[in-house]
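Protein chains: 6
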Amino acid sequence: MSDSKPISRFPVPDLADVPEDVRAMILAVQDKAGFVPNVFLTFAHRPAEFRAFFAYHDALLLRETGPNGLTKGDKEMVIVATSGANQCLYCVVAHGALLRIYEKKPLVADQVAVNYRKADISDRQKAMLAFAMKVCDDSAAIGEADFAALHAHAFSDEDAWDIAGITALFGLSNRMANVTAMRPNDEFYLMGRVPRDKR
Amino acid sequence: MSDSKPISRFPVPDLADVPEDVRAMILAVQDKAGFVPNVFLTFAHRPAEFRAFFAYHDALLLRETGPNGLTKGDKEMVIVATSGANQCLYCVVAHGALLRIYEKKPLVADQVAVNYRKADISDRQKAMLAFAMKVCDDSAAIGEADFAALHAHAFSDEDAWDIAGITALFGLSNRMANVTAMRPNDEFYLMGRVPRDKR
Amino acid sequence: MSDSKPISRFPVPDLADVPEDVRAMILAVQDKAGFVPNVFLTFAHRPAEFRAFFAYHDALLLRETGPNGLTKGDKEMVIVATSGANQCLYCVVAHGALLRIYEKKPLVADQVAVNYRKADISDRQKAMLAFAMKVCDDSAAIGEADFAALHAHAFSDEDAWDIAGITALFGLSNRMANVTAMRPNDEFYLMGRVPRDKR
Amino acid sequence: MSDSKPISRFPVPDLADVPEDVRAMILAVQDKAGFVPNVFLTFAHRPAEFRAFFAYHDALLLRETGPNGLTKGDKEMVIVATSGANQCLYCVVAHGALLRIYEKKPLVADQVAVNYRKADISDRQKAMLAFAMKVCDDSAAIGEADFAALHAHAFSDEDAWDIAGITALFGLSNRMANVTAMRPNDEFYLMGRVPRDKR
Amino acid sequence: MSDSKPISRFPVPDLADVPEDVRAMILAVQDKAGFVPNVFLTFAHRPAEFRAFFAYHDALLLRETGPNGLTKGDKEMVIVATSGANQCLYCVVAHGALLRIYEKKPLVADQVAVNYRKADISDRQKAMLAFAMKVCDDSAAIGEADFAALHAHAFSDEDAWDIAGITALFGLSNRMANVTAMRPNDEFYLMGRVPRDKR
Amino acid sequence: MSDSKPISRFPVPDLADVPEDVRAMILAVQDKAGFVPNVFLTFAHRPAEFRAFFAYHDALLLRETGPNGLTKGDKEMVIVATSGANQCLYCVVAHGALLRIYEKKPLVADQVAVNYRKADISDRQKAMLAFAMKVCDDSAAIGEADFAALHAHAFSDEDAWDIAGITALFGLSNRMANVTAMRPNDEFYLMGRVPRDKR
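Chains as they are written, first to last, in my numbering: chain A, 1 to 199; chain B, 1 to 199; chain C, 1 to 199; chain D, 1 to 199; chain E, 1 to 199; chain F, 1 to 199.
Each hint can be trusted.
Copies of the same chain look alike in the list, so a pair counts if it fits in one copy or across any two.
When the alpha-carbon atoms are kept at most 25 Å apart in a straight line, the in silico BS3-like pairs for lysine-lysine are as follows:
1. Lys104 with Lys5
2. Lys104 with Lys126
3. Lys126 with Lys5
4. Lys5 with Lys105
Treat the hints as calculated values from the structure; they're not laboratory data.
Chain A extracted, bound-state conformation (with noise of 0.2 Å):
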């Protein structure tokens, strides 16, 4: 598949011409996942904003969380929640495709995207998803209840520190997904949703 539609409403820089370590960066993901996700082109367009996305990125999902915190499946599915809820199609689109791959359950996207009430998840999710819920649309009131209602289904306050952020640093993402319209790599609408032994 090609992406013949534009990738951004802003210029893409050619890989040539970006700097160095935006470059590498670029080949990197694309020696990994056969293409180069459009959220590293649209952003390579600033360079500066490029890097600490992905260093913000990068502390958030990277980071170990232990035994109980969240796991890479948790955290993909608390960015297509919030996605979903400030309908931003890249990042729905992107990070369906992770979650689905990480949670090894082809359906779980498309369900959390949606109504994550609805879907094929642990109820401790369902309090972990409320909680970031809550955070995308009413930051405000987030008062000790809501950290309560999170340490009964065991999350620490380190947790939901990580569920905020996430929720925080993708209602970033989702805005500038939407400003630039920025357009979702036509090779995340199927990742996952076949066994890979099937294709």
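Using the hints provided, position chains B, C, D, E and F relative to the given structure of chain A.
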């Protein structure tokens, strides 16, 4: 004035315990401002997020925007309006101080935080804030008509990115400040309200 | 794939126990689709409502609309957008499958469900969905200006009725699916995503 | 009283031109009520939808619900509250008349249409309407706690389906009435307000 | 009809115990209307607020507005629309009665309370109510474009003040009636619905 | 400081032209405050409304509420929170000054205007403001549970009336200030922020 109230709902590290580069940044801002804004201490609990947040902040706020682009005052105005909409006490108070100072207008921050339409600002600034408020509240509906409204006031597409980026970054900051119950330093409340020679 | 999760929060009758005409409809759809969509089994709990719902469905969906009227794909697009707005998992997933198939576009359903403004659809289809969203969310404010916006894209008044009717019927369906926790069949998630000859 | 104002924004067929079964239904209601409610004439423009709508209506409204189930008055109360929330003039006025008559309370329809919490109705009826309002406004959030609140007032799960079904059907009806600018017959406004023997 | 239901959630004073001027006002309205509207008895619990409320009421409602200004019927129309938006039962019912009487239209109050856009009123009155609804729901966004829309229908700035003032005063009244659970007198429900010579 | 900006979108009368009693009130407040708050000049355009508004104001604000009732500071807190919710610049700024002075807390007004949940106020005051915010935003849903929440903090029913009345009156004031574009006097912004002996 001293802050006896908690700075953050989360642990605040001793300066002695934070990584060298984080401590250096904190000491630098203390040298310049005369005190350490609590956002530095709150985020220092998570050094990797600290570095990414301030890198993103500097990428947008220190970016050279050219003679017709956003001024420092314009940028702080976007932050204050966004923070008012998200009911973020820390950012309204801290960036309200910066807004008063950059714009040399002791009244403007309160005006923008409550209702920018009634503020003593230019029509161009009102158009800037109308775009910011739509990015803040309904980014999924942003379309070419919104860019055209900015162009009518001689904002470029790059300026639109700046407005959106600042709105999005402070949407993140507002959510983190609300979740951490980040307390504005007492010093901010009065800064820029009284002419220096009258104090 | 097998559905071990409950189809509905309410009792689901055995096929042997449903009235003859209802059973005949269910068997017919099974013959055609290869499986029984869960909406048939959920509604079979109330045969009179089952008959009325599918009669209404056929009246609108099978209606001959003429060369310039709504296509089958247009109609499914209205359903998917409405169901996204109402956060109805069953209808987003099941009608998303039909939308992909009718439009022969494997990506379009996810796009329309999340944010139709960013979808790979025509301006005419976006006008159709803007009308549908106003019927869905604020029908009391529909006025002549809304009809005029449709006419500008060569939609007739009868087409406006079709759009409104489909939006209204699936507003009903979305509410019943949400209240009954109607589960989409696993089969729908992948339908229309992979070209038949590639499977 | 005669209706010189248009009944519907869409064409209203002559009785002579409508299909036999539709005409028979219209004449039957005219015999019973003394006039033809405009919903019959508006929907007669689309006979297949006419049949399906009234079949659905009868399935829910004429359903035998047992000694503890919803009464005719309860059902009209759900319709009036839903129609008030959706700002549907036709249904508030027409079903308000039926509500007054069934409940033998000349004041209750105005009360329920404006704010059911202040109406002269039982706590059980208020619980019924609270469930209906959540189905109307936020069906995606309906969960077991909402069913439990109904059970606490001796409503069964089947009663919950009835409440949801009526709310959903009149959500459809409200949207169609708003889009067609369906005009309530003048006769409805006064029905049930004055004791028959006093007129 | 007698009111056995409580008039107010708060104490209602005996007429013998209220200050002389308050009692005089109550007796005067009783003479004129044939009964004491419950708003007089509810507010009599706080004589100073009673005096101020009715002084404000008279200032706006009895104000001479000139041949092109708001008529008595226009003013009651603003009250009924505002009270519908604020879901205030007392004011919808009591001022609905006055609206029917002043406009000599037995249907208009129900129409305006549910959806003024569908009411049998002039385009000028619809423009008046559109302004009132924005003052009611989003006064911070009122700007010159809103005044211009009124001017286009030959409303003056003073008329705009009248509309805003009545909307604002009944916003106060609606909130007090909702908090005190102020009960409309039974008499209001039927007033103006039946021609006097037909009763 | 002098106000060169317009005080009001509407005509502001010369003091010489206003009725004697209105002028006397204006001169009295000028004597006390050292300047004339613009609300007096804006409302003086309509003397009858001027008298009623300030009578209502005094009835609630000067009312003796007893040792356990609302203090002057409590009352200003309700005004500032309400005015923040209604985005009324005049009232946030002018009553923010009074709140700082009565409470002797230079920071409290900004805190309450932005997000009372994060303010340095008592739990009792937070309960008071939660009630006020519900009266402000959703008075139709006020019920006994809301009164009980006040009683739990030793507020009486009369205190509840006071809170509701102040919220309702300033809902009126906020709407009039927004429509008239009433400008806060420059003097208010700094009042109560700096200890008198330090100025």
